[in-house]
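Since each chain sits alone in its own frame, please combine them into the complex, following the hints.
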Amino acid sequence: MRTQPTDDAASAAVAAREETPRKSRTKPAARSRRGRVADENGRRMPLWELALRYTLLLVMLALMIGPFLWQLSTSLKGPHENIFSSPPSFLPSDPTLHNYERVADTIPVWDYALNSLKVAAANVFTNCVGAALAGYALARLRYRGRKAATLVFILAMLVPVEGIIIAQFTTMRDLELNNTLIGVLLPGCISALNVLLMRNAFLNLPYEVEEAAFVDGANVWQRFFRIALPAVKGTLAVVAIFAFMGAWDDFLWPLIVLSDPDKFTLTIGLNYLHGTFANDERLVAAGTVIAVLPLIVLFACLQRYFFRGVGEGAVKG
Amino acid sequence: MKSPAAAAARTAGRAAEGPAPQKSGTGPRAAAGRRPARRIRRQLVTSPWLFAAPGLVIVGVFILYPFVSTIINSFTDKRQLVEGKYVGLANFRELLHDDMFWIGLRNSTLYVLVVVPALVVLPLLLALLVQKQIPGITFFRSAFYTPVVASIVVVGLIWVWMLDERGLVNAVLEAVGAGKVGFLSDQWLLLFSAMGVTVWKGLGYYMIIYLAALANVPRELHEAAAVDGAGPVRRFLSVTVPAVRSTMVLVAALSSVAAFKVFSEVYLMAGPTGGPAGEDTTLVMLVQRTGTGLTGRVGYASAISVVIFVVTVALMLLVLRADRKEDA
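Chains A and B are the protein sequences, given in the same order.
Counting in my numbering, the first sequence runs from 5 upward without gaps.
Counting in my numbering, the second sequence runs from 11 upward without gaps.
None of these hints come from the bench; they were simulated from the model.
Treat each hint with caution, since some may be false.
[What the hints assert, rightly or not] Now the in silico label distances, taken between C-beta atoms and shown as ranges:
1. B:G146 <-> A:T280: 41 to 49 Å
2. B:A188 <-> A:R177: 47 to 55 Å
3. B:V320 <-> A:L179: 24 to 32 Å
4. B:T148 <-> A:L297: 16 to 24 Å
5. B:G70 <-> A:P298: 30 to 38 Å
6. A:L155 <-> B:A185: 53 to 61 Å
7. B:A100 <-> A:P265: 35 to 43 Å
[Said to hold, decoys possible] To be clear about the criterion: a stretch of chain A counts as covered by chain B if any three or more of its residues have a C-beta under 8 Å from a C-beta of chain B, and this derived list gives those stretches:
8. 64-74
9. 87-96
10. 148-156
The C-beta atom is built at its ideal place from N, Cα and C for all residues, glycine as well.
Isolated chain B, as found in the complex (with noise of 0.2 Å):
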């Protein structure tokens, strides 16, 4: 693989150093005699739709086309298996009364609003506590990323089973001579835990962004603080806070985004009907219950879709904004 790469390198160097250097920018037309240059045009017109025709044909049927189709079903009474008809804003009209649209729609908020300083603030730490090149840092940094790469279904079941009433958390409360704790049965407990495990899961990623991001801070701002006498914790407020400020936008972008939309943990902790009498339920599970089956309520389910996007659509927009509050 290596070698027509470097051949290529070494034949580019020749041209480069040939006749006409200094026409390099002007496009390869010039430097082409007119017999290739035309051969050449002909594959410029029909070589490209080729190339991308793959991933535009996979991105618009699986991507473009059910986006749109799911903002058309949200106005529909659309079924799986049964065509639906316009029913113009009676699906959002009866979301309005649904307790459970109101129950996922608090569960998902909720999960942004812990998830969200929790994985902007923490990662951010862990990455200092990592920065450092003392002796086997590879090593724990590796390590910190481990749950990353486990899925999420692996994560969620190992949780589960660390909290169970008989699990490890539990066993070892219990030994301390703390009573146990129902993590898993407890409405509000379980929501909780399942944000513990999002973040748990999320510290690695976030922790390898802040890095890359640590080391664009430039070292004399540390030491021109240091010779001030700005203590660490100063130093991380004035100093590491505002440098890496872009990045922890984006980390509250994408968490954010990320948040709102959280199924799986909760689906795997609190079971598929969302723990007790479904206070657990996010909009996400929402959507996934109210839609699949055979009577699934295909017309209803895009409408909680069109929340998710119109609330997604929000978030990033704020988070933006407040970025450039800032910034003023």
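Here chain A stands alone, though its shape is the one from the complex (with noise of 0.2 Å):
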């Protein structure tokens, strides 16, 4: 996400109409000269306006973050604290944990929780070996036909999957999946998406590096392992994520798919929590951080792979 390089574009850019040309690299420079608190002109912003961003800034945190810390304060309350206080008491007087043991005690939690690390860990793993080995042979291999699989690839990618959850549960029923892990697994396995995703990665391969492997005598299994694949990382890290993100985070598709509650995800098991214990709300406060917590941890350290999945794959949600 960062500006830099176009930055640099465009006062290349500028510089190139200019009667005294700048040299781009020494923009960076010159900015941090100058201190941080300065717009992309290098011009100092107004104290004024610098205010009033932090200001906005400040009201929105409030606004994306402050639900999570809310529900968070209102896992740790204890059952004799008043949680429906007006004027509302935003720190529990008395932090326990006791609420997190209660919903092990209603519900499975942690099972749930096993169930949703595996599919989510196998998803990850069927979608960076199989979007990878299709996407490679999409973008490098050259065989009849290859046309043909990149039109289904795409075709499939422009399909609404909420509308084909009944006949994908019908499918499912005849394999005698329905009601599985496997079934909850399958369907986003290896998702179109993905596929293109990689494709694009190895097209903006330079293709000599292959050839000369090529020449060398390596087969296109020892180029795909030993130079394609180390070379989109990044892509690859982005599936990834996104993949376990998709598989954690699913909820339509393991509700319609898993019918007994031995096998509920964490998302189901949360419903189920939900639509049961509705009035425990300090109950449903703690199993919900426990569903949000290992996604938040996992995106605080690879925010980076997150915001370029956006840009990647920006047909996804």
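Written out as structure tokens, the structure reads:
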């Protein structure tokens, strides 16, 4: 999400037109000398504008993060604390993990988390392997039917999944895989979007590198594993992260395919918890915190790839 | 992982400087000897399909086949566990007289009409707010993206509690003297609350898309406009908006298709039956409710799905056409 390269390109364009052309490469240094609180022209931002910006940012922060914190706070409030007070009390007076124990007593929440983790991990694996292989075939290998194969993936990407869930369910039942975690995994385990993402990544690699390996006698598997794959690690990471997030967060499909409470994933388990114990807000709050925390941690560690994923696969979601 | 790539790059460099640098574009066969060429050609026939097979099978069996069978099923009276027979357009005729279908169509359409403008404009404003490199801005960007990362179930349940009759929003409203609002009990307030949640969850996602687009807006345009005395609002309307228009079209296309297929937010906030008297049911909820269960009417649910397909395609075409018209 750095604007650096484009900034440089733009300033180069400006420089070309100005009487005293300046080298675009000196730009970042010049900027840092002037201090960071400056706009992209290197002008200092007026103090009132800065104040206004931070005020708006803080308001938005409260709006975007506040609900999560309120949920966390609710989950930490003990049974004797009034969670309905008005004006509301934002901090738990006597923080306790009691509600988390109660969730585990009410529903097998750790089993559900494990189920989610299994599906998500498998989804990462199948998407990375399957999409990389297929993407490589579409981008690099010459064979008859390549255009047709590409078209198949494009069409599949355009199919609105929400519209085909019933047919997916009957297909899964014919395969006797409904009500299993495999059934949850399969429909999205190699997503067409990921295949096309990988294809684009491979297309952007310079062909000469592989050609050289070709000359040296490397076969197609060697070229794939030793040359092409390491060069698209970034896109692969994006695929992995979005595959994990997609599986961990998915709701509609597991809701349809799973009927046995033993096999629930975390999202379905939460829905069940909410449906059965809706009046116990502390309990539901603790459950949601358990479900969301792993992803927030993952996001905090790997932000770069989350943002890149939005740019590359603007079709997700 | 790094060294083979680097080694390969070095090899490539050497090869390019080697005997026939100008041949690099003519394909490997020209440079390779006869024997490896034959071996490689054999690989070129078998391995591509090996490479593509897993993806093709999965996509074929679990996406394209269900898609085709949804369309076929829509002309039958198939039920779960009961094979159907061809009934022509009977399902579609029944749809015309099904109040629930019209409620679903109304709600899903309303969803598009409210959510799409909000998701085209608000994330752009948010992107402008976080565009400037001021201290701490990375933190704010990440924070605004957090709802995107959270599962829709988590987000839905968070807001169910926030908007509860005794929840935070009503506690604040009461504390400032305004009365309680039944966000989750009134049919319309429920639907609009769900729309608000959809927008809230989508803001960060589209903000990132807009940030990438804003980075490509030529700066001299802003400078020229500023020199001409255009204020911030004027500059936004006559410089920023035209420059990111193609991104706005993309966002409109993505968000309208997603909004029409809304399920989870409404399901969680209004309940599986869709709020008071089912008045908050959306089309996908109706598909889910009609088609599942032991007596699920697969044929009828498929007919609703076909309506969803048609509207989805129509929405895309509409957005693209709007784009072209603005071009002219």
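Cross-check of the supplied hints:
| no. | hint | result |
| --- | --- | --- |
| 1 | B:G146 <-> A:T280: 41 to 49 Å | 42 Å, holds |
| 2 | B:A188 <-> A:R177: 47 to 55 Å | 51 Å, holds |
| 3 | B:V320 <-> A:L179: 24 to 32 Å | 29 Å, holds |
| 4 | B:T148 <-> A:L297: 16 to 24 Å | 21 Å, holds |
| 5 | B:G70 <-> A:P298: 30 to 38 Å | 33 Å, holds |
| 6 | A:L155 <-> B:A185: 53 to 61 Å | 59 Å, holds |
| 7 | B:A100 <-> A:P265: 35 to 43 Å | 37 Å, holds |
| 8 | 64-74 | holds (count 8) |
| 9 | 87-96 | holds (count 5) |
| 10 | 148-156 | holds (count 3) |
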